[in-house]
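**Q** Under this note's numbering, think of the first position of the sequence shown as 148, with each following residue one higher.
Hints in this document: simulated from the structure, not taken from any laboratory. Just to be clear, a hint being listed does not mean it is correct.
[Said to hold, decoys possible] Restraint ranges, calculated between C-beta atoms of paired labels, are given here: (1) Gln188 x Ser231: 26 to 34 Å; (2) Arg430 x Arg303: 52 to 60 Å; (3) Ala362 x Asp312: 23 to 31 Å.
Since the structure is predicted, the reported quantities are computational estimates derived from the model, not experimental observations. We put the CB at the ideal spot given by N, CA and C, even for glycine.
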Amino acid sequence: MHNLSLDSLRTLLDVIELGSFSATAERQGLSQPAVSQQVRQLEKRLGVSLIERIGRKARPTAAGAELAGYASQINVLVSTALDSMARHATGAVGRVRLGTGATACIFLLPPILRRLRQRLPTLEIIATTGNTADIVKAVEENTIDIGLVTLPVAGRMLEITPVMDDELVAIAPPETPLPARVTAAALSTLPMLLFEPGGATRHIADEWFARSGVALRPVMSLGSVEAIKELVGAGLGCAILPSMAMRNVGDRSDLVVRSLSPKLYRKLAVVIRRDKPLYRGVRETMKALKQLR
148 MHNLSLDSLR TLLDVIELGS FSATAERQGL SQPAVSQQVR QLEKRLGVSL
198 IERIGRKARP TAAGAELAGY ASQINVLVST ALDSMARHAT GAVGRVRLGT
248 GATACIFLLP PILRRLRQRL PTLEIIATTG NTADIVKAVE ENTIDIGLVT
298 LPVAGRMLEI TPVMDDELVA IAPPETPLPA RVTAAALSTL PMLLFEPGGA
348 TRHIADEWFA RSGVALRPVM SLGSVEAIKE LVGAGLGCAI LPSMAMRNVG
398 DRSDLVVRSL SPKLYRKLAV VIRRDKPLYR GVRETMKALK QLR
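Based on the sequences and whatever the hints tell you, model everything.
**A** Take a look at the structure:
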């Protein structure tokens, strides 16, 4: 390796991505001088300037940007080599940290994860639930390997693959019959239970009402799809929920389900860092999720 430090190359990539020596130090659990020293040593070893400071922003020079391309490839190869050696040593496939919303975790992932475990019994799967913003942030910070989230999502470090459209539907107790055309105006006259503010699904519902000129004030906002279903079944109001959450309610006499007019969908996508090493566990999980298309 001609005395090139893998840690210094990783530090260079973090500085370029974050645009800051202090943010890199925080991510790596180092002091800022230690991060600066790694970059200086790398510059001294190569005889070129790699980072330039413009105001408070650290940006790569032309040489730094070119080296970053090689460093990313080196990082992927090293991670792949370590993963291959770990499999030889333990026979394990690895670990996948998967993040998604609670609804998808309950109603969409179980059969996918069951098939994965059947094919890869030594694969360790860690599932985390949260809202889209939190999951995307965790993917960007590499504390989660793969996210299954609701669009829209943006991030220059992310590979974003739309995988399915999930219709949003209206539900009501039988004693509150829904009209033939379940419009925003019709629902505005009924007591409504919605997801708590801040989540992607609530935002999509709010925009649907707004397009019809309705400023809805729900009687309750909750974070649990199951809680909403039970409260609607108890006669406390109507709700808008993802259709995947209503697949197994055919035998429930306390819920009426209808499509909205105009129809409303949320689009789910798989997100992963572009520089994520695709060892076997991550690769197979990505393949399984993309088959939702």
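**Q** So which of those numbered hints doesn't the model satisfy?
**A** Hint 2 is the one this structure does not satisfy, whereas the remaining hints hold.
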